[in-house]
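J.: Letter by letter, the chains look like this.
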Amino acid sequence: MKILANGMHYSALNAAVRMSEENDIEIMNCIGQRYIGAGLSERYIDIHGTPGNALGAYLNGAEVRVDGNVQEATGDTMNAGVIEVHGCAGDATGYAMRGGKIFIEGDVGYRCGIHMKAFRTQKPAIVIGGRAGSFLGEYQAGGTIIVLGENLGGKPIVGYFCGTGMHGGEIWLRTDELTAALPEQVKSERMTLSDEAASLIKEWCARFGKDEKPYLSAVYYRLTPNADNPYRQMYTPN
Amino acid sequence: MELYIRPDYEVVRNESRCIACRVCERQCANEVHSFDPETGLMRSDESKCVNCHRCVSLCPTHALKIVKTDDTYRENANWEAQTIHEVYRQANTGGVLLSSMGNPKPYPVFWDKLLINASQVTNPPIDPLREPMETKLYLGSRKANIVRGEDGLLKDTLPPQLKLSVPIMFSAMSYGSISYNAHESLARAAEELGTYYNTGEGGLHKDFYKYGKNTIVQVASGRFGVHKEYLEAAAAIEIKMGQGAKPGIGGHLPGAKITEDVSETRMIPKGIDAISPAPHHDIYSIEDLKQLVDSLKEATEYKKPVIVKIAAVHNAAAIASGIARSGADIIAIDGYRGGTGAAPTRIRDNVGIPIEMALAQIDTRLREEGIRDNVSLVVGGSVRSSADVVKAIALGADACYIGTAALLALGCHLCRSCHTGKCNWGIATQRPDLVKRLNPDLGYKRLVNLVSAWKHEIEEMMGGMGINSLEALKGNRLMLRGIGLTDTELRLLGVRYAGESL
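Those protein sequence lines, which keep their order, are chains A and B. Just so you know, numbering that gives the first Met the number 0 puts 59 at position 60 of the first sequence, and the rest follows in order with no gaps. Just so you know, numbering that gives the first Met the number 0 puts 455 at position 456 of the second sequence, and the rest follows in order with no gaps.
Chain B on its own, in the form it takes in the complex (with noise of 0.2 Å):
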């Protein structure tokens, strides 16, 4: 146990259930549970337990509970027993407190003070079990001209789009950062549903090629597995510039998770440290951004479209204003919620905002400036349910991403100890005993039921609202009111007030 750290969580077990059978023992990466032979009694040692929930789901007889310690500091409102451990963690080793998923914090959640609304009498609701209901939606670039050839028809001059059945994506999540059974659940699922998954940053698994038509590329400043054919595998391609978790930070996969597979698939030797620096250092401009997107396009003959990614970051609406000028199709932002597979504490709990605001700002930004048909919107970071997704699009949004969503589906429990490696879960871990206790074939089939459940209730609350398409939800914010909300955040959000008629 660290010097002075005191447990957070009470491993609580009913002895009069407990039968000994140690599967807690057998399935706790991180060794809380033990036999002890004398006694022939089950043991813990709290001081290692995450609460992860594995031995809980797992005990046969119901025996586990995790319970927060009532184990307690003098009561402080402005030194809670979390602040004063980062401090006795930082006394004690000197290190950059390291944390993973989305900023915990008690920051407002917007999506929660924005209400949908209803028809009633006039434009009535419309039934989605009987009637047509359109989910599906293209994303890239609407810049087309009007063209005739020489035989006056008119030719094809839209740049390409990705075509999906429901507007959500899988975010990027990196092989390395999470196993290969969530990344082949991913892919499967991307795939059943039509929609798409993303790579991150930690290249293309080879067994994943053939996932390719429904598969997001990243290149990011480490260029991790970026070469020809990934490139062409691919449906698109997305620079990452940023991540919701960690705005203006770059990435460390430290050398122990470099395993043989995961050294072949972002191309890097094993062992040795994968660093993605914070900045591309052929970036530093617009400009430079223009020749990054027009470089990945003539690599792949103008045949994808070109995504940008950005952390939501205060002058977001300036910065996707200058990327929607630089050729790039999609524009994903991820808000300040965002998960990571690590980021530095204080980074991931006080940098960047609230999506739901970026995405108000930049969307209004690019009406006014008259191109917000260069390109589409994607918005994460986080979205929790299907009313995020309504509430997203009402606000200007094209699509989402989900990434906690989507790893909570494959059995995450948010226990946030990603960084550790031991994910009892399987999901974010490279050792081979914890990575098979997550079965793909399950695992994509939670995420297709999942989804499918969340474009069932989306279809519900668009037909309550009287609107059959996307097309017609997007940015149409007379769709929301504010609950809850100052002036300015309604301003800003570009929503009136509950119970504010036209």
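Next comes chain A alone, as it looks inside the complex (with noise of 0.2 Å):
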């Protein structure tokens, strides 16, 4: 189904996205309508133009494409499915996810995989093709979030406060050296990539039609937590 999105309202849009027979929706000319997709099981959803806030907030198993650029909290709290932005993405993407899977071609902003999350089965994994912004898994307790560093143009891969409070997943990033500064919550080596990022940077590649050998053949920092409970010795019970 073919839905021509200029002018509508985002809860009219999303409604004929959830109320459509066919599974395969294409929308056009999308102008900034939220919450797009939130919450869905099904669907494929194929987006043309530029989605606004919150796009696949929930998502539970659905799978979007977005054929341009993101804006802010992309796969809040996601719990299944996939995202593929060709072009990049805002604040806050995929804040608290739990599940699925993020691409992006190019860069994020800020907050990039706050309070991301694994259960169980359910791994959450963003791949950013370009570079993060400050902030980037911030609390972040689970999951891979790998950041590929192309198009740097002379700025770091990764912004300030990398992984600040986290206790839980792992950061890649594709870098000779590590430039940013890291909060003494989060440990850092210089080693290969594990058989899940690479088969994670083998997909972002393959979505976007990219060589896969600079990628795989890269230098990698791998940035883990210190500590399980890095809070344990705060507190005095009284």
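It should be emphasised that the hints constitute simulated quantities derived from the structure, not laboratory data. It is possible that some hints are incorrect.
What the hints assert, rightly or not - Here are the computed lysine-lysine pairs in the PhoX-like style, where the Cα-Cα straight-line distance is at most 25 Å:
| # | chain 1 | residue 1 | chain 2 | residue 2 |
| --- | --- | --- | --- | --- |
| 1 | B | K227 | A | K186 |
| 2 | B | K135 | B | K227 |
| 3 | B | K421 | B | K64 |
| 4 | B | K135 | B | K444 |
| 5 | B | K135 | B | K209 |
| 6 | B | K162 | A | K122 |
| 7 | B | K256 | A | K122 |
| 8 | A | K122 | B | K154 |
| 9 | B | K205 | B | K435 |
| 10 | B | K135 | B | K454 |
| 11 | B | K454 | B | K112 |
| 12 | B | K162 | B | K135 |
| 13 | A | K122 | B | K269 |
| 14 | B | K154 | B | K142 |
| 15 | B | K205 | B | K142 |
As the list claims (entries may be wrong) - Pairwise CB distance ranges (calculated):
| # | chain 1 | residue 1 | chain 2 | residue 2 | range |
| --- | --- | --- | --- | --- | --- |
| 16 | B | D155 | A | D45 | 33 to 41 Å |
| 17 | A | S10 | B | N116 | 43 to 51 Å |
| 18 | A | S10 | B | S451 | 39 to 47 Å |
| 19 | A | R119 | B | N475 | 51 to 59 Å |
As the list claims (entries may be wrong) - Chain B regions said to be covered by chain A (calculated; three or more residues, Cβ under 8 Å):
| # | stretch |
| --- | --- |
| 20 | 224 to 238 |
| 21 | 274 to 286 |
We put the CB at the ideal spot given by N, CA and C, even for glycine.
Dock chain to chain to rebuild the complex, using the hints, since each chain is given by itself in its own frame.
T.: This is the structure in structure tokens:
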């Protein structure tokens, strides 16, 4: 089904997506409508244009492809599914996501992957082609974030405070050296890709038509938390 | 025993009554009591006692009592024993002081400085035993437009509402902070009473989905256990921005409390700390809040009211004005005496404002701005009796949340040691041997008893005023008079002094 979105209010657009009898939906001329795909467990949504904030919030298995940039809070509290963005993403991408995968061709803004967490077989992943803003993986409690660092233009691959409060999961940075100072909760090791990280990168390459070689053979830093219980010693019962 | 800290209590055992049956020893998770085989007598280590009264209540021969120690430091009105102990504790450990339950400090309780009116001669009182009293109410936004369909008939544009048969709901307490049996008791009581309980931010246990129509689910900054089915299961969704016991502070459930079952409900791995950041990192403005409200409504197809819960803080009225414009249907306000499973002592005891003041100011502000009907107001922290409920409604609340009172009904003795996880009453613990002490079959009945009794009392007080429906009491501040209040307090509460007639 094809939906011409220009001039449509988001609630009308989302209702049309929900009620569609067809699984595959193409949204044309998307101009900032929010919450597209919120909570959906089926559907394949192909978006042309620029969707608004909270694209795929609480996504529960549906797949969303965006031919363009996305705004803030993409994949907020996502549980399962895939979001593929042929462009850049704004702030708080993948906030508190618990499952599914987000693939971004370009850069992400601040607070990407904040409070991301894993649960049993659910292991969320975000793969970013470009660079990430400050607070990447803040409070991260599980899952995998990979930053590939394409087109840095002289800027560092991640901004300030990467992994502040991190207490689970991992962040992979494709870089020869770590330029940003890391908070004390974060441990960094220069190492070769795990099979899991490599397969996520291969999937990113396949989705964006990139050659795998320069990504798989590169030098990576892996960031993990220093401890599972970083605040254990902080309190005194009174 | 911690260095320099002398026990606050003494366990007094009447040796002539004690039969050394060792019940106290088995009942005390703090391991205060022990049996001395050499003398055949029971011993106690008072330094471990939290004064929860489990042993006292269960001693078959009434041989035990716990008394405040009369051991004393040199008297000093500025440096009381508790204050001195807190310094010792921090010098011993370097830690942030951690406490539980509500602020116990001797601040004024404004509920106790408000008096309720009654009818005499004119506008006669109503006897609720003879005449119908309406305690049913609806919570939600009243922002409906008059729209007619093509057939000329009115279309229902009223946003979704919660229907309560009493103006009392059970406030948010997470599975993790309280036990499975405590949650089951609350859920079953809410169902029988025709009201709602609140999951708190710890997710909804799979066994309790069946109580969904009486369940409010919470979405907090950590988003624990939040997923599509969780949102769908509930009657309403509450966004937790703050909590009265710890305004401006996040939550932190230690890894040790994340058991298999809690892990499954919160949807996080076992043994890893569950951290709720202080802010929602995607909410820095009312516009951002609106976005979360709207995204939850989109995800649940506009079928459920969305509640925004805030702590009562200095600018609560202005904040509530923003929330009332954010698309939220209900605002929940939690006063500075609200309970908690764990909060830094200094925050609990020093941050926030009384719920009575916050409520009066928020209701006034929303009325002045003409947006009171955008939202319903629910208040808690702390509502201790049916009289507090009546006063809250007269000050402008639609309904109340009760937490501490509900836990007391389940057997809590307010020892304020929830953060240790060793609750002898089976409430604030995840230890299976302790959890089973709370029988949900009895627990839910006690909750039903409590709220039913309050309902009768509310009807009596309303009848006395000559009011036969909650709707007519709501915001009716002429039914209140202040006593022992300053002019400023009267002005803020919007009530006259006792004796001042119309």
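J.: Is the hinted pair K122(A) and K269(B) satisfied, with a Cα-Cα distance of at most 25 Å?
T.: Answer holds: K122(A) to K269(B) is near 15 Å, not above 25 Å.
J.: Lying within 51 to 59 Å: is that true of the beta-carbon distance R119(A) to N475(B)?
T.: holds (53 Å)
J.: Take the C-beta atom of D155(B) and the C-beta atom of D45(A), compute their distance, and say whether it sits inside 33 to 41 Å.
T.: The hinted range 33 to 41 Å holds for D155(B) and D45(A), with Cβ atoms some 36 Å apart.
J.: At the C-beta level, are S10(A) and S451(B) separated by a distance inside 39 to 47 Å?
T.: holds (41 Å)
J.: Mind checking the alpha carbons of K454(B) and K112(B) for me, to see if they're no more than 25 Å apart?
T.: holds (22 Å)
J.: With a cut-off of 25 Å on the C-alpha distance, tell me whether K135(B) and K227(B) pass.
T.: Roughly 30 Å separates the two Cα atoms, so the pair is violated.
J.: Is the straight-line distance between the alpha-carbon of K205(B) and that of K435(B) 25 Å or less?
T.: Between K205(B) and K435(B) the Cα gap is close to 19 Å, so the pair holds against 25 Å.
J.: Between K162(B) and K122(A), does the CA-CA distance stay at or below 25 Å?
T.: violated (39 Å)
J.: Checking one constraint from the list: CA of K227(B) to CA of K186(A), max 25 Å. Satisfied?
T.: Violated, at about 34 Å.
J.: At a Cβ distance under 8 Å, does chain A reach at least three residues of the stretch 274 to 286 of chain B?
T.: holds (count 4)
J.: For a C-alpha distance cap of 25 Å, please report whether K162(B) and K135(B) respect it.
T.: Given that 25 Å is the threshold and the Cα spacing comes to 7 Å, the pair holds.
J.: Would you mind confirming whether the straight-line C-alpha gap from K135(B) to K444(B) stays at or under 25 Å?
T.: holds (21 Å)
Hint compliance for this structure: hints 1, 2, 6, 8 and 15 are not met, and every other hint is.
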